Structure formats: structure tokens, C-alpha cells
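Student: Here the sequence shown stands for residues 8 to 260, where the numbers follow our numbering.
In case anyone wonders, no lab produced these hints; they're calculated from the structure. All values reported here derive from a predicted model rather than from experimental measurement. Be aware that one or more of the hints could be misleading.
Said to hold, decoys possible - Cut-off 30 Å, straight-line C-alpha distance, at most; resulting in silico cross-link-like pairs (DSS-like, lysine-lysine):
| id | residue 1 | residue 2 |
| --- | --- | --- |
| 1 | Lys-257 | Lys-128 |
| 2 | Lys-128 | Lys-113 |
| 3 | Lys-83 | Lys-128 |
| 4 | Lys-113 | Lys-83 |
Stated by the list, open to error - Here are the in silico distance ranges between beta carbons for each label pair:
| id | residue 1 | residue 2 | range |
| --- | --- | --- | --- |
| 5 | Tyr-138 | Ile-228 | 33 to 39 Å |
| 6 | Ser-134 | Glu-222 | 21 to 27 Å |
| 7 | Ile-228 | Gly-158 | 17 to 23 Å |
Think of the CB as a built atom: it goes at the ideal place given N, C-alpha and C, for glycine as much as any other residue.
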Amino acid sequence: MQPASPTTFEPPMPVVPVRADGRFVLLDVGYGLETGATPVRAQEARACLCARSAAFLRSHEMPEASMQLRMSEAEKAAFRSFASRAGSYFEFGIGGSTYAAAELVKGRVVAIDSDPEWVDKARNALSPSAYERTLLRVDIGPTREWGYPTGGLGSEQHGRYFNAIAEHQPQDFDFCLVDGRFRIACLIAALRSTRSDTVVAFHDYRCRPHYHPAEQFGRVIYEAEDISFFVRRPGLSNAELDRAKMKYGKDAR
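Modelling step: build the complete structure from the supplied sequences, incorporating the hints.
Tutor: Dropping the structure here:
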């Protein structure tokens with residue numbers, strides 16, 4: 008598969024109902040919005056909407072609806088192409104991609120998340136399979152929407168999340184997805200623990216510049232809108248990756 012040219016992808020501005028101050032309001036981020044009494048820019052509004060929508064979806068949706076693959080058609084096609092060729096798969100951040108991988112990967116699937124109720128809901132949504140399907144909760148302490156930790160960052164407890172891949176025979180994984188918390192640290196941990204030809208997908212990548220330091224450690228081999236696919240950059244030592252993982256382990260985004 009030939010690498011795609013890097014592109015800048017901006018998700019569409021949503022207009023969705025979310026709960027604020029005990030009531031539902033309609034937030035039009037195309038023209039700006041207010042949360043409480045504080046006006047915010049459209050970019051901040053998008054993040055606000057994503058966080059609040061996550062909490063609402065996780066607490067109200069049926070498992071089947073929650074397990075829909077929340078990607079554009081181009082992103083879905085790229086993800087499914089890699090997943091269908093994978094013999095073993097690891098995922099940081101459980102969601103619709105977990106369900107899709109469980110249907111496509113003819114081999115072991117392991118996925119982690121920090122929300123125990125969400126893990127149970129996702130586990131119950133999976134169809135029976137002849138292959139191993141392991142969905143695990145990693146305890147990183149108190150969290151808020153999207154599993155974002157509320158305590159101080161950089162703790163050993165938080166390290167359990169991005170280091171979890173090392174506990175599950177990582178040399179077997181030939182495809183991984185980073186789509187949860189501590190995303191740069193997760194990418195580094197995946198590149199550090201797996202084989203040099205393992206492909207690590209990173210969702211929501213191009214539209215969020217704070218993720219772009221990831222290219223110091225992984226080389227982009229393919230992109231589809233806002234999902235990028237990495238392999239480990241040659242010449243990087245494990246010690247260099249370990250130091251970088253500790254640094255970015257303090258960033259829960």
C-alpha cells in the first residue's frame with residue numbers, strides 16, 4: 008500500500024444537545040457557544056462537546072449503538088483494511104473500533120480502557136468468537152469524561168495504562184490502535200514493545216497538533232483523513248523510547 012500524502016483534516020462542526028447545568032441546551036459551535044457563563048472558541052467548543060457527548064453516550068446508549076465505528080468512511084476503510092490482514096491486535100481505548108476488530112481480526116484481540124462499566128458494556132456487545140477476545144479495565148484512579156484522569160499526572164498508576172501492552176505478549180501483535188488516553192505515550196509503548204514491522208494506527212491525529220511529536224518516534228506509512236498509520240522509526244534505541252515514554256506519560260491527552 009502506497010503512503011498517502013499528509014493532509015489536514017478538520018472534523019465538521021456539530022450541533023448536538025448536551026447536558027449543562029442540569030438541563031439540555033443546543034450548542035451551535037458554527038457560530039460560537041457559551042458553556043455556563045464562559046464563551047469559548049470553536050476549537051474549545053468541539054473538545055467540550057466531545058467530552059460531554061462521551062459521558063452521555065456511555066451512560067445512555069445501548070451496547071450495539073455504542074459499538075458503532077465512529078470514523079469517516081475513508082477512515083473506516085483504511086482501518087478495516089489493516090485489521091482484516093492482522094493476525095493479532097491490541098487497542099488502547101475501547102469503542103466501536105474494538106467491535107470492528109473483533110469481527111475482522113482472525114486471531115487474538117486485546118483492548119484496554121480505564122472505565123470498568125464501559126469495559127463490561129463493550130464485552131457484552133461482542134459476538135462469540137473462536138479467537139481470544141480480551142477486554143480489560145486498567146485502573147488509573149479517578150477519571151472524568153473519556154477516561155481522563157482527575158489526579159496529578161505522571162504517577163506509576165497512570166503508567167499502567169500505556170505500559171499494559173507489554174503484559175500481553177506484545178511481539179505477537181502486528182496491528183495496534185491508539186484511541187484512548189496518554190496517546191503519544193501509548194504510541195511509543197506500542198512501538199517499543201512490538202516488532203519493527205508492526206503497524207500502529209493513531210486516530211484523531213492530523214487535526215490535533217499536540218499529537219504531532221509522535222512523528223519523532225514513528226514513521227507515517229499511510230493516512231486517511233484523520234487516522235494515521237505508523238511503524239517504528241529505524242535507529243531509535245529502546246532506551247530513547249523509554250525516556251520519551253516517561254516524558255509523554257505526563258500528558259493524558
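Student: Determine for every hint whether it applies to the structure shown.
Tutor: Do the hints match the structure? See the list:
The suggested pairing of Lys-257 with Lys-128 holds, with an alpha-carbon distance near 29 Å, which does not exceed 30 Å. For a cut-off of 30 Å, the pair hint linking Lys-128 to Lys-113 stands: about 23 Å separates their Cα positions. Among the hinted pairs, Lys-83 with Lys-128 is consistent with the structure: their alpha-carbon atoms are about 22 Å apart, no more than 30 Å. About 18 Å separates the Cα atoms of Lys-113 and Lys-83, which keeps this hinted pair within 30 Å; it holds.
In this structure the supplied range 33 to 39 Å is violated for Tyr-138 paired with Ile-228, their Cβ-Cβ distance being about 26 Å. Restraint check, Ser-134 to Glu-222: a C-beta distance of roughly 36 Å breaks the suggested window 21 to 27 Å. Ile-228 and Gly-158 have their C-beta atoms about 36 Å apart, which leaves the hinted 17 to 23 Å range violated.
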